[in-house]
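Colleague: Sequence:
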Amino acid sequence: MGVICMELKELNEKVPFFVQGIDIEAPKDFVFKLISDYSKHALWITGLEDEKHTDAPEVTGSTFCEKIKMYGFKEEYCGKVLAYEEGKMYQIEVGDKWVDFKLEYDFEEVNPTKTHLILTAWTLKGTSLHKLFNVFNKRILEDQLTRLKVVAETEFNKTK
1 MGVICMELKE LNEKVPFFVQ GIDIEAPKDF VFKLISDYSK HALWITGLED EKHTDAPEVT
61 GSTFCEKIKM YGFKEEYCGK VLAYEEGKMY QIEVGDKWVD FKLEYDFEEV NPTKTHLILT
121 AWTLKGTSLH KLFNVFNKRI LEDQLTRLKV VAETEFNKTK
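Under this note's numbering, the first residue of the sequence shown is numbered 1, with each subsequent residue one higher.
Read the hints as simulated data drawn from the structure, not as lab findings. Keep in mind that a hint or two might mislead.
[Stated by the list, open to error] Simulated pairs of lysine-lysine, BS3-like, Cα-Cα distance not exceeding 30 Å: (1) K67 / K160; (2) K102 / K138; (3) K125 / K158; (4) K9 / K80; (5) K14 / K102; (6) K69 / K33; (7) K149 / K52; (8) K9 / K158; (9) K102 / K149; (10) K149 / K14; (11) K80 / K160; (12) K131 / K74; (13) K114 / K74; (14) K131 / K160; (15) K131 / K69; (16) K52 / K158; (17) K160 / K40; (18) K138 / K88; (19) K114 / K88; (20) K40 / K80; (21) K114 / K9; (22) K131 / K14; (23) K97 / K67; (24) K102 / K160; (25) K80 / K102; (26) K114 / K97; (27) K52 / K131; (28) K69 / K138; (29) K138 / K67; (30) K67 / K9; (31) K52 / K74; (32) K14 / K158; (33) K114 / K33; (34) K74 / K33; (35) K131 / K102; (36) K149 / K69; (37) K33 / K80; (38) K52 / K138; (39) K9 / K125.
Model, not experiment: these values are computed from the prediction.
Kindly generate the complete structure, drawing on both the sequences and the hints.
Modeller: Dropping the structure here:
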């Protein structure tokens, strides 16, 4: 019987494993702030227990580590901001000891109080089992988008 290699390998997949869009009844800049402002993450990232960050002057290059409890396990996810266009696009690399992802949030204004948000995710690094976990990773990303929508709409309605 062979041994399964659990080494993290460079994958840099060109095809995303997740692409989903969602309409949010809140202005584009409001939704962008929920995602790009670390102080707002606990509102929509389920299981977030702690987050530390180091800001870079141009935002791109800023780093962060998040402690998240999910499915009864605590994991630490660390990453950095790869690209940042105020109100338009926010791209990060984030990972743990098993896998690294690139996540890109693209914001489109439908009208002044409605945003179409598209989340795209690629696997950058992973163990030999990373594809098996993509089912769970997709579910986590879907849940986060749904939670983000609810939080954004609720928080925006409080400002009216």
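Colleague: For each hint, tell me whether it holds in the structure or not.
Modeller: Each hint tested on the structure:
1. Proposed proximity of K67 and K160 is contradicted: the alpha carbons are some 33 Å apart, above 30 Å.
2. Using a Cα cut-off of 30 Å, the hinted pair K102 and K138 holds, with the two alpha carbons roughly 13 Å apart.
3. The hinted pair formed by K125 and K158 fails the criterion: a straight-line CA distance of about 40 Å is larger than 30 Å.
4. Distance restraint check for K9 and K80: the Cα-Cα separation of roughly 19 Å lies within the 30 Å cut-off, and the hinted pair is therefore satisfied.
5. Of the supplied pair hints, the one linking K14 and K102 holds, its CA atoms being roughly 11 Å apart against a limit of 30 Å.
6. Taking the CA atoms of K69 and K33, the gap is near 24 Å; set against the 30 Å cutoff, the hint holds.
7. Under the criterion of a C-alpha separation no larger than 30 Å, the hint pairing K149 with K52 is consistent with the structure, at around 24 Å.
8. Pair hint K9 plus K158 does not hold up; C-alpha atoms about 45 Å apart against a cutoff of 30 Å.
9. Proximity of K102 to K149 is assessed by CA-CA distance (about 21 Å); at most 30 Å being required, the pair is judged to hold.
10. Pair hint K149 plus K14 holds up; C-alpha atoms about 28 Å apart against a cutoff of 30 Å.
11. Proposed proximity of K80 and K160 is contradicted: the alpha carbons are some 34 Å apart, above 30 Å.
12. Between K131 and K74, the direct Cα distance comes to roughly 21 Å. Compliance with the 30 Å bound is thereby established for this hinted pair.
13. Note on K114 and K74: the hinted pairing is violated, with a Cα-Cα distance of about 35 Å set against a maximum of 30 Å.
14. Of the pairs offered as hints, the one joining K131 and K160 is violated, with about 44 Å between alpha carbons and a cut-off of 30 Å exceeded.
15. Simply put, K131 and K69 have alpha-carbon atoms about 22 Å apart, close enough for the 30 Å limit, and the pair holds.
16. Simply put, K52 and K158 have alpha-carbon atoms about 28 Å apart, close enough for the 30 Å limit, and the pair holds.
17. Restraint check: the Cα-Cα separation between K160 and K40 comes to about 19 Å, which is no more than 30 Å; the hinted pair holds.
18. A distance of roughly 23 Å separates the Cα atoms of K138 and K88; the hinted pair therefore holds under the 30 Å criterion.
19. For the hint linking K114 to K88, the alpha-carbon distance of about 14 Å falls within 30 Å, and the restraint holds.
20. For the suggested pair K40 and K80, the alpha carbons sit about 17 Å apart, so the restraint of at most 30 Å is met.
21. Restraint check: the Cα-Cα separation between K114 and K9 comes to about 40 Å, which exceeds 30 Å; the hinted pair is violated.
22. Under the criterion of a C-alpha separation no larger than 30 Å, the hint pairing K131 with K14 is consistent with the structure, at around 14 Å.
23. For the suggested pair K97 and K67, the alpha carbons sit about 13 Å apart, so the restraint of at most 30 Å is met.
24. The straight-line distance between the Cα atoms of K102 and K160 is roughly 35 Å, outside the 30 Å bound, and the hint therefore fails.
25. Between the alpha carbons of K80 and K102 the distance comes to roughly 10 Å, so the proposed pair stays at or under 30 Å and holds.
26. At most 30 Å may separate the alpha-carbon atoms for a hinted pair to count; K114 and K97 exceed this at roughly 37 Å.
27. For the given pair, K52 sits about 29 Å from K131 by alpha-carbon distance, which is consistent with the 30 Å threshold.
28. Between the alpha carbons of K69 and K138 the distance comes to roughly 17 Å, so the proposed pair stays at or under 30 Å and holds.
29. With a C-alpha separation of about 19 Å, the suggested pair K138 and K67 falls inside the 30 Å cut-off, and the hint holds.
30. Between K67 and K9, the direct Cα distance comes to roughly 23 Å. Compliance with the 30 Å bound is thereby established for this hinted pair.
31. Between the alpha carbons of K52 and K74 the distance comes to roughly 16 Å, so the proposed pair stays at or under 30 Å and holds.
32. Between the alpha carbons of K14 and K158 the distance comes to roughly 40 Å, so the proposed pair goes past 30 Å and is violated.
33. For the suggested pair K114 and K33, the alpha carbons sit about 14 Å apart, so the restraint of at most 30 Å is met.
34. Simply put, K74 and K33 have alpha-carbon atoms about 26 Å apart, close enough for the 30 Å limit, and the pair holds.
35. Distance restraint check for K131 and K102: the Cα-Cα separation of roughly 15 Å lies within the 30 Å cut-off, and the hinted pair is therefore satisfied.
36. For the hint pairing K149 with K69, the CA-to-CA distance comes to about 21 Å; that is within 30 Å, so the pair holds.
37. Simply put, K33 and K80 have alpha-carbon atoms about 17 Å apart, close enough for the 30 Å limit, and the pair holds.
38. Restraint check: the Cα-Cα separation between K52 and K138 comes to about 25 Å, which is no more than 30 Å; the hinted pair holds.
39. For the proposed pair K9 and K125, the alpha carbon gap of about 5 Å is at most 30 Å, so the pair holds.
Checked against the numbered hints listed earlier, the structure breaks hints 1, 3, 8, 11, 13, 14, 21, 24, 26 and 32; every other hint is satisfied.
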